[in-house]
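Using the sequences provided together with the hints, build the complete structure.
Keeping their order, the protein sequence lines are chains V and C. Position in the first sequence (from 1) plus 12 gives the number in my numbering. Position 142, counted from 1, in the second sequence is what my numbering calls 136; the numbers after and before it change by one each time, with no gaps.
Some hints could be false.
Said to hold, decoys possible - List time: in silico SDA-like cross-link candidates among lysine to any residue, alpha-carbon distance up to 25 Å:
id, chain 1, residue 1, chain 2, residue 2
1, V, Lys18, C, Leu370
2, V, Lys142, C, Phe385
3, V, Lys142, C, Gly412
4, V, Lys85, C, Ile333
5, V, Lys85, C, Leu344
6, V, Lys18, C, Ser272
7, V, Lys85, V, Asn202
8, V, Lys18, C, Gly412
9, C, Lys23, C, Phe385
10, V, Lys142, C, Ile333
11, V, Lys85, C, Phe385
12, V, Lys85, C, Gly331
13, V, Lys85, C, Gln53
14, V, Lys142, C, Gly336
15, V, Lys142, C, Leu45
16, V, Lys85, C, Leu162
Claimed, not checked - If you only want the chain V side, here are some residues facing chain C, beta carbon under 8 Å, derived:
id, residue
17, Asn14
18, Leu17
19, Leu31
20, Leu32
21, Thr35
22, Ala43
23, Asp50
24, Arg54
25, Leu56
Hints in this document: simulated from the structure, not taken from any laboratory. Using N, Cα and C, we set each Cβ at its ideal position, and we do this for glycine too.
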Amino acid sequence: MNRELKRVSIVVMLMFAALLGSTSVVQVFQADNLAADDRNTRTLLDSYSVERGAILAGGEPIAQSMPVDDNYKFQRTYSNGLLYAPITGFIPVNGAPTGLEQALNGELSGTSNAQFFDQVSSLVTGQDPKGASVETSIDPVAQQAAWDALGDNTGSVVVTEPKTGRVLAMVSKPSYDPNTLAVHDSAAVNDTYDALVNAPGNPLINRAINSLNPPGSVFKLVVVAAALESGQYTPESTFPNPATWTLPNSSSVVINSGGGTCGSGDTVTIATALKLSCNIPMAELGLALGDDAIRAMAEKFGFNSEFTIPLSVTASEYPEDPDDAQTALSAFGQTSVRATPLQMALVSATIANGGIEMQPNLVDEILAPDLSPLQTFEPVAADRVLSAETAATMTQMMVNGVQDGAASNARIDGVDVAGKTGTAENGADDPYTLWFTGFAPAADPQYAITVLIEDGGGLGQTGYGNLLAAPIAKQVLEAVLNK
Amino acid sequence: MPRQSKTTSDAREAAPQTGKIRRLHLPQKLRNLELFLLILACGINLGAVVLVQLGALGQIDTTLVLLGASLSGLVFAMHIVLRFVAREADPFILPIATLLNGIGIAMIYRIDIANEEAGWASAAVRQTVWSGLAIALAIAVLLIIRNHRVLFRYTYVAGFVGVSLLLLPLVPGLGREVSGARVWIGFGSFATFQPGEIAKIALAVFFAGYLVRNRDSLSMVGKKFLGMRFPRLRDLGPILVVWALSMSVIIFQRDLGTALLYFGLFLVMLYLATGRLSWVLLGMGLFLGGALIASQTLEYVNGRFTNWLDALNPAVYDAAGGSYQLVQGLFGLAKGGLIGTGLGQGRPELTPVPQSDYIIASLGEELGLAGVFAILALYLLLVARGFRIGFAGQDDFGKLLGVGLSFVIALQCFIVIGGVTRVIPLTGLTTPFLAAGGSSLVANWIIVALLLRLSDTVRNQPRLVV
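See the structure below:
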C-alpha cells in the first residue's frame, strides 16, 4: 500500500503546488492588472481613504480631509466652499475630481513620483500614507473682496500679481458648495450634480478660466499694443473720424458707442480712441495693421493656446483667417474673438509688468505631510511681449482712460488706476458682456484685475462696462490696496 | 518503520522491565512538544484578534478576547485528555487545528466588525461557540473510541449513516436551500446544519472498512487491457453506487463541490486499497463524463464553468449568478499582494460571503501572499501528519482511514481555494477550520480526534496485524 500512498502524496503535493501557484499569480503577477480594473472598488475606495492633503489659502485650509467612521475613512470638507469652489473643485466618491483636486490629485493623494519614498516608508512602517498639502497663492482678503464686489452678477473676477504671476483671487459666480458633491452617498452626489448641471448660470463652470466671451473693447489693448510694437504708429497717429463707417465689402455699418464721432475734429489719435473707447478708429487701425499682426500680438499674450496654472485654462481665441470686415470687427473684440477673464488679466498684468509676461500660477508650494516643501513654485517669466516703452505708453493711456475717459468709474482717490472697459455684443438681441481690465497703482503695479459680467449684468443691452464692471474693480482694488 | 521517534521506542523497551507504574512517570515528550506548540498557537490566535481590533476598531474590546480565551481553555483540556488517553498521539495535529480555527475566528470577527454585527448575530460569536462544541465532541470521540478498530466493526452501519446523512437534506420539511444548494437541514427556526460534512467521516469509515474486506476481489481479478487490469463487470457495483450517489448530489442537491469531494475520496481510497490505476481512470472517466453532461444540461453547472473560464468578461461579471463574487475575491487577493494590508485594514467585506466560501480571499487580502502560503503550509503539514499514519501504520483499516480522512482535508482545500483562485470552477465548500460554519467545524474536529487516536495507536501497537 505504501507505493500507492507515495503516489497519492505526490498528487497532494501537486494540488498544493497548484494552489501556491494560483495564489502567487493572482496576488503578485496579476495584482496590478486587477488593481487597475475599473470595476475594482477597492482601488477607488483606497484613493479616497488616504488622508488627502489639505488645500490652503493664506495658511488656512479651504479643503481638508476629516476622519470619519465609514468605508471611505475620510470626509473631504471644504470651508467656505462657495467662495473657493472654482479653486478647489471637488472630489466625488463616484466620479472624476475637478479643480485643484483633479490637477494636483497625485500630490494630494500622496501618489506622485515626488512622494515615492514616502510611499515606501509608509509600507515599511505600516503607517497610513498621507497626501501632500497645497498652499495656493490665493489671498483670502482679495478673494472675499472680489466675491463681495461681484454681488449677484453672473461672471468672474480675477486678481493677479503682475510681478510674479501669482493668482490672488479667482471668483466665479454663480458658485456651488463642493461639500454637497463630496458626500459619501453616490446617489445624493448624482442628484446634486444633475441639479447643478441644469441650474441657471451653470455653476460648475469656472468662468475665470473656462468660459469664453467676446472681449469687446478690452481687446483694443491688444490691437494698440500691436500697433505700437509695429513701429509704424505712435499714440499720436491719426485716423479719419467719421460718425459711421461701412465695413469693407459689406453694407454693415460700424458706429462708436453712444453714436457720433470720437471726440471733435476730422481726425482722431489712437490715444483718444483708446481713452474714449471708440470703435471706428480701432476698426480703421485694425484693418491697416492686418489680422496677422493682431493675431501675432494676441498669441504673444497667450491667445490660441491652452495652458495650466495648474488648472487647465481654456484657450482664448483670435480667428485664424478673417476677411477684411472681420479683421475690422476683431479690432474692437467682436466677431469671433473670445477671451477668458484670466487671459485678459494677463494682458493687463503684462502691461503692468513693463511688457514681461509672468506665467500665471495658482500654487505657491506643495508641502509634504511633515511640512517640508516638496515643490516650490518660483515666479517664471514667460516672455517679453512688449518693449518697456510700449508698456509705459500703454500704461499712461490706460491711466488716462480711468482718469477722464471711458473707464472713469474705476477711479480711486489718491491712486493711479490704469484700466480699460469693454461692452461686447453677443447676438442681435442678447444681453451684453461687460468687462473691466486694469491694474493699480500705475506707477508700481501691485494688482492686476479683470472683471467679467455675463448676461448684461441684468440690464440687457443697456448696461456697459464702465457702469457695472468698473465699480466692481474699484471696490476690489480699494480693498486690497487699503488692507 | 521510517523515522520512528527514538523516545517512543526507548519507552517501549523500558516498559516491560519497569512495569506500568514506572511508565506513568516517564516524561511525555510528545505531549510537552504539543503543549509548547499549543501555547504558541493560542498566542498567535489571541494576537490575531487583538490586531483585528486595533486595525478595524482602533481599540481593544475584551468580550471576544475572553471568549477566545475560554476556547483556548477547552483546547488545553483536550491536550490534558490526550495526556491520559492518547499519550503517543501526533503532537502537531492539535496545534495546527487550533491555529487554523483561531485565525478563522479572527477573520470572521474582522468581517463582523465591518458589517457591524454583534451579539448572536455576530458570526464570530457563533463560530466560537461552535468551535467549543466541536472541540468538546472531539474530546468525547477521544474518550469513547479508545481503539480505532472498533470502527471496523461498524463498516456497514457507517455506510448507511453516511448515505442517510447525505440524503437528509432532500427530505421534505427538513431540507433547507441556501444560495441554490440544498445541502442543509433545519428544524423550524433552529440552527441549520450541513449533514454532508459529517457524512464524509462516516463514508471514510465505510470506504476503509469495505475496501479492506473486498480489496482482493477488486484488485486481483479482471481482464488486462492496455497494460492495465480492468475489473470484472460484477465488481463494478460499488464504484457505480458511489458514482450514482455523487451524481444525485449534483442533480438534486445542486452541489458540485460535495460530489467532487466524496467521489475523489472514494477513488483515492480505492486506489490505495487495490493499487489499480485502472480504477482511478475508470472513476475519473465516469465522473468527468457525468460532470460534462451536467455542465451541458444543468444551468448552474454550466454557469460555474463560464464564470471560471471567462470571469473578467463584463457580460459574465454582470450576469445574475455571474462571476461578480469570484472577481471581487480576486480583487481582494490582488489588493493583499505580497504582504497584505494587515489585519483589520483591508476591505474583505466588499466580497460577498467573505467569511465562509471566500475566507481565503479575505485572509489573502489582509495577510497577503505570505499569509496564504503560511496557511497552505499548515494544511499541508496537517495532511502530511495524517499520511504518516498511512506510512507507519500496521493495520490496513487504520492506514486507509487515516489517509482517507487527511485526504478529505487536502481535497476540500484544493476544491475551495482552487475555486477562489480559478484553478478549477468554483463550487461551494467550506475551507476546513477557517470558514464560518458549525457543521464543518464539528466534522473537522472529529477528524482531528480520529487522526489523533490513529496516530497514538500507530505508535503504541506497531506489531499488531488485523
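Legend entry - Hints breached by this structure: 2, 3, 11, 16, 23, 25
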